[in-house]
Amino acid sequence: MKKQILINAEAGEIRIALRIENRLDDYFVERTEHKAIVGNIYKGAVDSIVPAIGAAFINYGASKNGFLYVTDATETTVDFGEGEIIYEAEEKKDRGRLKIEELLKKGQQILIQAVKEELGTKGARLTTNISLPGRFLVFMPNSSKIGISRKIRDEGERKRIKDILKSFKLKEGGVIARTAASGCSEKDLIRDVRYLSKIWGRIKVAAKRKQAPALLYEELDLTSKIIRDVFTEDVDKIIIDDKFEFKKIRHAIANFAPSFKSRIELYKNDEPLFEKYGVEKEIDEIYQRKVFLKCGGYITIEQTEGMVAIDVNSGRFTKKKDPEETIYRVNSEAAVEVARQLRLRDIGGIVVTDFIDMANPHYRRNVFNSLREELKKDRAKTNIASISELDIVELTRQRTHKSMESASYQTCPYCNGRGLIKSIDTISILAIRRLKDFLKSAKGRQGAEIVVHSDVAVKLRKDENGLLYKLQRNFRAKITVLENNRFHLEDIEINPHASFKLKA
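Numbering (my numbering), first residue to last: 44 to 547.
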């Protein structure tokens with residue numbers, strides 16, 4: 044399976060495309076003026092406690108206070124989007140009865156880590172359960188447990204890794220083996236845990252020295268995170284179009300995987316990297332409401348404030364001899380594409396997919412299994428419910444920051460997010476109504492000039508129903524229609540005309 048990572052670095056923005064078999068499979072963007080804070084560790088101060096919602100608001104130095112739920116202040120396991128199974132090293136305590144006011148008090152200084160970006164009016168979500176990810180391991184200083192990624196399925200390999208982790212005998216903290224730990228040597232794991240332990244040591248020193256609010260540890264930038272988390276043995280090549288990023292990646296890889304250096308390539312062609320590989324066109328499709336399938340069907344994606352609705356349609360794909368087979372084919376392709384679009388658009392929260400109705404329960408089961416298997420490729424945590432008799436699937440996807448769409452687009456100032464504007468006929472009628480109101484309120488009997496978009500002006504000048512003529516006759520005023528091509532279709536401007544009266 045051909046797998047590539049393309050990195051485009053330009054002023055103010057880093058874009059990274061993961062391609063599998065020459066098709067965009069995942070996409071990441073980071074802008075310098077909007078640096079992500081997920082993974083950052085701070086020394087914060089408790090600003091307020093709200094027992095009613097079981098949360099505390101923490102001042103960690105941002106414009107908005109972050110919020111810390113009681114569960115995030117007590118839970119010791121942590122999810123990194125890889126589906127880790129935690130091996131209990133001690134009996135889990137009954138934490139359900141703990142209250143936030145019993146754990147924290149106003150003004151208290153605590154170590155917290157950001158697990159979700161600020162979203163809308165909400166501040167960042169925080170946790171006291173610090174986690175430091177390395178290439179092969181995740182170090183958890185506040186836990187004594189060990190765990191292994193669920194994606195490592197070979198029982199023999201799981202046992203080997205587990206035995207190595209148990210042999211560490213750490214003075215503090217626990218560890219989780221990431222998916223990349225599969226097949227790596229004991230030496231690699233030891234080097235990783237030592238590196239992470241040193242980082243934690245520096246954080247503790249900084250925490251003693253600094254007063255809240257203070258940043259103690261900053262998570263890696265996007266390029267470095269991708270190299271750490273995505274650049275595995277199955278990646279054939281990394282192509283970068285920026286010398287600085289190229290040197291930085293070469294240096295990083297030389298430290299943990301020197302044998303991979305030959306897979307890194309500096310792109311020197313005049314044609315832009317993403318255009319050369321057809322990625323730019325695929326990125327543009329991320330923002331389209333409609334996504335076409337190879338079979339001729341399509342899915343539509345509607346993102347609302349509370350959820351995302353996805354509808355599957357057969358489109359132009361039909362097989363007259365076997366309509367049930369047609370439906371199955373479209374739904375099967377759609378299941379794969381839905382999971383891919385969730386990754387590409389980085390959609391979080393509740394997602395409801397409405398597949399085309401299937402009478403065959405075997406087909407229904409296969410479509411559901413296809414969607415579930417594709418979701419396993421997702422680095423974000425997903426929870427999927429069973430498919431209903433109406434062929435509707437509900438799922439939730441982990442949300443840590445804004446979706447790709449909301450980060451790249453703003454609400455249309457003309458339609459205010461409706462996705463629609465008024466028709467020419469509607470605007471023409473509205474223009475007549477406003478003219479009438481203007482002439483009624485005008486002091487003295489004077490005319491009016493109405494300025495509109497050129498398409499609306501054409502409609503008004505035709506005046507099929509004689510509405511403008513009636514206004515002029517009733518108010519004995521001259522009306523002049525002017526056009527302005529810079530106007531939005533819905534813009535209407537009315538000004539007094541040179542004062543005079545039409546003859547009766």
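Warning: the hint list may mix true and false statements.
[Claimed, not checked] Derived DEER-like restraints, expressed as beta-carbon distance ranges:
id, residue 1, residue 2, range
1, 403, 290, 53 to 59 Å
2, 468, 428, 32 to 38 Å
3, 356, 210, 51 to 57 Å
[To be verified] Cut-off 30 Å, straight-line C-alpha distance, at most; resulting in silico cross-link-like pairs (BS3-like, lysine-lysine):
id, residue 1, residue 2
4, 424, 333
5, 280, 505
6, 107, 46
7, 286, 337
8, 46, 324
9, 159, 319
10, 46, 209
11, 241, 209
12, 319, 291
13, 420, 465
14, 304, 333
15, 333, 45
16, 202, 78
17, 521, 479
18, 521, 483
19, 304, 319
20, 194, 159
21, 420, 304
22, 241, 212
23, 202, 188
24, 45, 419
25, 419, 465
26, 78, 337
Everything labelled a hint here was simulated from the structure, so no lab data went into it.
Cβ coordinates follow ideal geometry from the N, Cα and C atoms, glycine included.
Verification of the hints:
{"no.": "1", "hint": "403 - 290: 53 to 59 Å", "in the structure": "holds, 57 Å"}
{"no.": "2", "hint": "468 - 428: 32 to 38 Å", "in the structure": "violated, 45 Å"}
{"no.": "3", "hint": "356 - 210: 51 to 57 Å", "in the structure": "holds, 56 Å"}
{"no.": "4", "hint": "424 - 333", "in the structure": "holds, 25 Å"}
{"no.": "5", "hint": "280 - 505", "in the structure": "violated, 63 Å"}
{"no.": "6", "hint": "107 - 46", "in the structure": "violated, 40 Å"}
{"no.": "7", "hint": "286 - 337", "in the structure": "violated, 38 Å"}
{"no.": "8", "hint": "46 - 324", "in the structure": "holds, 19 Å"}
{"no.": "9", "hint": "159 - 319", "in the structure": "violated, 35 Å"}
{"no.": "10", "hint": "46 - 209", "in the structure": "violated, 34 Å"}
{"no.": "11", "hint": "241 - 209", "in the structure": "holds, 19 Å"}
{"no.": "12", "hint": "319 - 291", "in the structure": "holds, 23 Å"}
{"no.": "13", "hint": "420 - 465", "in the structure": "violated, 43 Å"}
{"no.": "14", "hint": "304 - 333", "in the structure": "violated, 40 Å"}
{"no.": "15", "hint": "333 - 45", "in the structure": "holds, 27 Å"}
{"no.": "16", "hint": "202 - 78", "in the structure": "violated, 39 Å"}
{"no.": "17", "hint": "521 - 479", "in the structure": "holds, 12 Å"}
{"no.": "18", "hint": "521 - 483", "in the structure": "holds, 14 Å"}
{"no.": "19", "hint": "304 - 319", "in the structure": "holds, 23 Å"}
{"no.": "20", "hint": "194 - 159", "in the structure": "holds, 24 Å"}
{"no.": "21", "hint": "420 - 304", "in the structure": "holds, 26 Å"}
{"no.": "22", "hint": "241 - 212", "in the structure": "holds, 16 Å"}
{"no.": "23", "hint": "202 - 188", "in the structure": "holds, 15 Å"}
{"no.": "24", "hint": "45 - 419", "in the structure": "holds, 19 Å"}
{"no.": "25", "hint": "419 - 465", "in the structure": "violated, 43 Å"}
{"no.": "26", "hint": "78 - 337", "in the structure": "violated, 37 Å"}
The structure fails hints 2, 5, 6, 7, 9, 10, 13, 14, 16, 25, 26 (numbered hints given earlier, in ascending order).
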